[in-house]
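Each chain, written out:
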Amino acid sequence: MQFQDIGQIILFAVVVLVLAYPLGVYMAWVYTREKDDVVARGFFRVLGRGSAEEQDWKSYAKTVLIFSLIFFGLLYALLRLQGHLFLNPDHLPGVTWPIALNTAVSFMTNTNWQFYGGESTMSYLSQMSGLAVQNFVSAAVGMAVLAAVVRGISRRRAGTLGNFWRDLYRSLIYIMLPLSVIVAVILIWQGVPETFSGHVTALTLQGGHQSIARGPVASQISIKQLGTNGGGFYNSNSAVPFENPTGLSNFVEMLAIVLIPAAQVFMFGRMVRARKHAWMIYTAMFAMLAIGVAVSVSAEQQGSAVLQQSGVNIAATSTQSGGNMSDKEVRFGIADSALWAVTTTDTSNGSVNSGLDAYTPAGGAVPIVNMFTGEAIYGGVGTGLIGMFFYILIAVFVAGLMVGRTPEWLGKKIQAREMKLFVPTMILVLTAVAIATRAGEASIFNSGVHGFSETLYAYDSQANNNGSAFAGYGLTPFSSALGTIDMAFGRFVPMLAGLALGGSLAQKRTVPASAGTFRTDGATFVVLLIGVIVLTAGLMILPALTLGPVAEGLLH
Amino acid sequence: MLTRNIIRSVLVIVVSTVIFGFAYPALMVGFAQAAFPSQADGSLLYHDGHVVGSALAAQDFTGPRYFHERPSATTPAYNAASTTFANFGPTSTELAQQVHQQAEAILKLEGPYNPGLTISDIPVDAVTTSGSGIDPDISPAYAQLQSRRVAAVRHLPLATVDELISKYTTGRSLGILGDPGVNVLELNLALDNPANSGVK
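Line order of the protein sequences matches chains R and S. One rule links them: number in our numbering = place in the first sequence (from 1) + 799. One rule links them: number in our numbering = place in the second sequence (from 1) + 130.
Hints listed in this document are in silico derivations from the structure and should not be mistaken for laboratory results. Values in this document were obtained by computation on a predicted structure and should not be read as measured data. Where hints are given, some of them may not hold.
Stated by the list, open to error - Just the calculated beta-carbon pair ranges, DEER-fashion:
# : chain 1 : residue 1 : chain 2 : residue 2 : range
1 : S       : 192       : R       : 1354      : 51 to 59 Å
2 : S       : 223       : R       : 802       : 33 to 41 Å
3 : R       : 1246      : S       : 296       : 24 to 32 Å
4 : R       : 835       : S       : 132       : 22 to 30 Å
5 : S       : 241       : R       : 1280      : 47 to 55 Å
6 : S       : 136       : R       : 895       : 56 to 64 Å
7 : R       : 888       : S       : 192       : 45 to 53 Å
8 : S       : 168       : R       : 1322      : 49 to 57 Å
Claimed, not checked - A few chain R residues that face chain S, going by a derived Cβ cut-off under 8 Å, partial list only:
#  : residue
9  : 882
10 : 883
11 : 964
Stated by the list, open to error - To be clear about the criterion: a stretch of chain R counts as covered by chain S if any three or more of its residues have a C-beta under 8 Å from a C-beta of chain S, and this derived list gives those stretches:
#  : segment
12 : 843–852
13 : 1013–1021
14 : 1104–1114
15 : 1230–1239
16 : 1305–1313
17 : 1322–1335
Glycine residues also receive a C-beta, built at the ideal position from the N, C-alpha and C atoms.
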């Protein structure tokens, strides 16, 4: 490995922090300012009387659910009908129902699992007015819900958490839109296409013809990264040079993946006036990210069993990156590919710049574990930090039991919640169903234990609204339906649990800290939090890991 | 409550579609076409007035006169309208076969120009599929391996070919980000340019 490889990983960690902190401060301001701007006031007038009123958690949750359902319905209709609609220069037909169903749920839940190749399936109208809009909106829904939950935590003896329409508006206009314009400009400069013209046919040097897919790519890629969406314009996602042409574009896209989730930790710290506590949460997240990067980069650099045995040169030198270059791009090499794989699964982004199916057993196990934590390591926009709150509650509860006091968090007494176990349990059950049935077997591409890993990855990824894949896993009506259930429950169960938590904490009064209060702003808390995540998520995934990546690693 | 929320949802979706679905991409397209027209259109490369490819997409090179690309998993190979990974697992026998066949082909092609060439001299990117199937770059190591053949077939001094290789090597962005790569299409275009065929 070259020193630049270590250098760019460290640079990445530093730049994330330098940008995330001020952004978090800004976001706290966005969600707490009293006054609405003039556009917002007009917007609420159009929505009707009472649309900007404070809501309790149940009313907030109902609005989120209705809004998401309506969006799903309209998106499904659009995909089915695209063949008859405009902005379809390549004359693509309507999308078949298994793909349309899975895709509509996938984008509505901020998953962006893709059972299709974008450039060959989706018309420009579908990409722009369906998928790209959903990239903005589903991310903003997650951010709005987080803002409501955090408000609930910060309030005392209050019945309400804020207003969904206001939070949605502010997430979109104050945060997502300006950031995605900035990122899109950088990407266009680096070479990502942005045009309404269709495919162009080149006459190649050897006299052949090559059709090149283009489109309004940059504007979609910037938001797919910022909104932890991950759905690509092209099938091979950000491995395709048109989505990600240079080392710099790669760096900016990786920043965009992790920026908002990282900033939300600092936003939380300011909104609940517990900045040191937020730093401790950030530290725990960063430690787990760093471990993942170390394991993944070194495993990929060593190369896969097949490549080691083949006798080709896999050593890292100044003229090649070496290692497991299967399904990876030369301009990213090992370090940038593995770093991306870790950040995209720590957050619920799911875009990829290399093919994860080809990763070494250890390199591929890191994403599986990352996702299985419920994306609490940074996590998806909004939803990730909500997932982390449940781990914090368990940590505080465990600490309370140890010192023999009623557990408290941020001055409020809390009860145990088992919510955290719902999603991991669902993943294991659905994986078992997909493995045990003939219909599930049909989706598997690679034979043997790697086929098990493909299946586990698919339901792990969809449940956590990630969307990355061991991409050999194929589309059948069965896998489409199973995945649809997986994504919908994986999205809304934790979200509703989060809102319920916010609603219950908002009503409580705070008790002053005493000598017996477990401190959540010190190193002990960081260790305890990591321990809780490892024990709950880690122990649940271990048997499944043994059947998949561990067995594969041992067999060769 | 329910109907009011449904109406509000539809209104918000319509407004969002206008802003994020149409206005935002339209503005970005307008900006891109004005500020960075070449990139915005796909970094197309022209020769004699017609498009010969894109600097961001590999294309098929088979003859001995040209530098060759990395293997591609798309159908047909180097399909820039339907990209894909190979998706072979790290222990798959298909992967082993593909690597073996590709290595044999390279030894056969480059061996005559590189006496004593063995499989351990073949860089790993030369025998593995890329992520996109249209990776425009090869590692500098793989370019160096091919340079003797191209120089011999084209009757060019090796130094000239090596010079062109370094000219079309993209370094790390800002000196640190990404990995160096040699753009094969640009390199081959330069080789075909009569200005480069003469001995200096």
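Now the hints, each set against the structure:
Taken as a hint, the range 51 to 59 Å is violated for the pair residue 192 (chain S) and residue 1354 (chain R), whose Cβ atoms sit roughly 37 Å apart. Residue 223 (chain S) and residue 802 (chain R) have their C-beta atoms about 37 Å apart, which keeps the hinted 33 to 41 Å range intact. At roughly 44 Å, the beta-carbon separation of residue 1246 (chain R) and residue 296 (chain S) lies outside the given 24 to 32 Å, and the hint is violated. Separation of residue 835 (chain R) from residue 132 (chain S) is about 25 Å and conforms to the stated range, judged on CB atoms against 22 to 30 Å.
Hint check: residue 241 (chain S) to residue 1280 (chain R), Cβ distance near 53 Å, so the stated range 47 to 55 Å holds. Separated by about 28 Å at the C-beta atoms, residue 136 (chain S) and residue 895 (chain R) break the suggested range of 56 to 64 Å. In this structure the supplied range 45 to 53 Å is violated for residue 888 (chain R) paired with residue 192 (chain S), their Cβ-Cβ distance being about 32 Å. Restraint check, residue 168 (chain S) to residue 1322 (chain R): a C-beta distance of roughly 52 Å satisfies the suggested window 49 to 57 Å.
For residue 882 (chain R), the interface hint is violated, since its Cβ never comes within 8 Å of a Cβ in chain S; the closest pair sits about 18 Å apart. Proximity of residue 883 (chain R) to chain S is violated relative to the hint, the smallest CB-CB distance being about 18 Å (cut-off 8 Å). This hint holds: residue 964 (chain R) has a C-beta 7 Å from the nearest C-beta of chain S, less than the 8 Å allowed. Only residues whose beta carbon comes within less than 8 Å of a beta carbon in chain S count, and the segment 843–852 of chain R has 4; three or more means the coverage holds.
With 5 residues bearing a CB less than 8 Å from a CB of chain S, the segment 1013–1021 of chain R meets the requirement of three and the coverage assertion stands. Requiring three or more residues with a Cβ within less than 8 Å of a Cβ of chain S, the coverage given for the segment 1104–1114 of chain R holds, as 9 such residues are present. Here's how the segment 1230–1239 of chain R fares: 0 of its residues keep a CB closer than 8 Å to some CB of chain S, so the rule of at least three is not met and the hint is violated. Proximity of the segment 1305–1313 of chain R to chain S, defined as three or more residues with a beta carbon under 8 Å from a beta carbon of that chain, is not established by the 0 residues found.
Only when three residues or more bring their CB closer than 8 Å to a CB of chain S does the claim for the segment 1322–1335 of chain R stand; here the count is 0, and the claim is violated.
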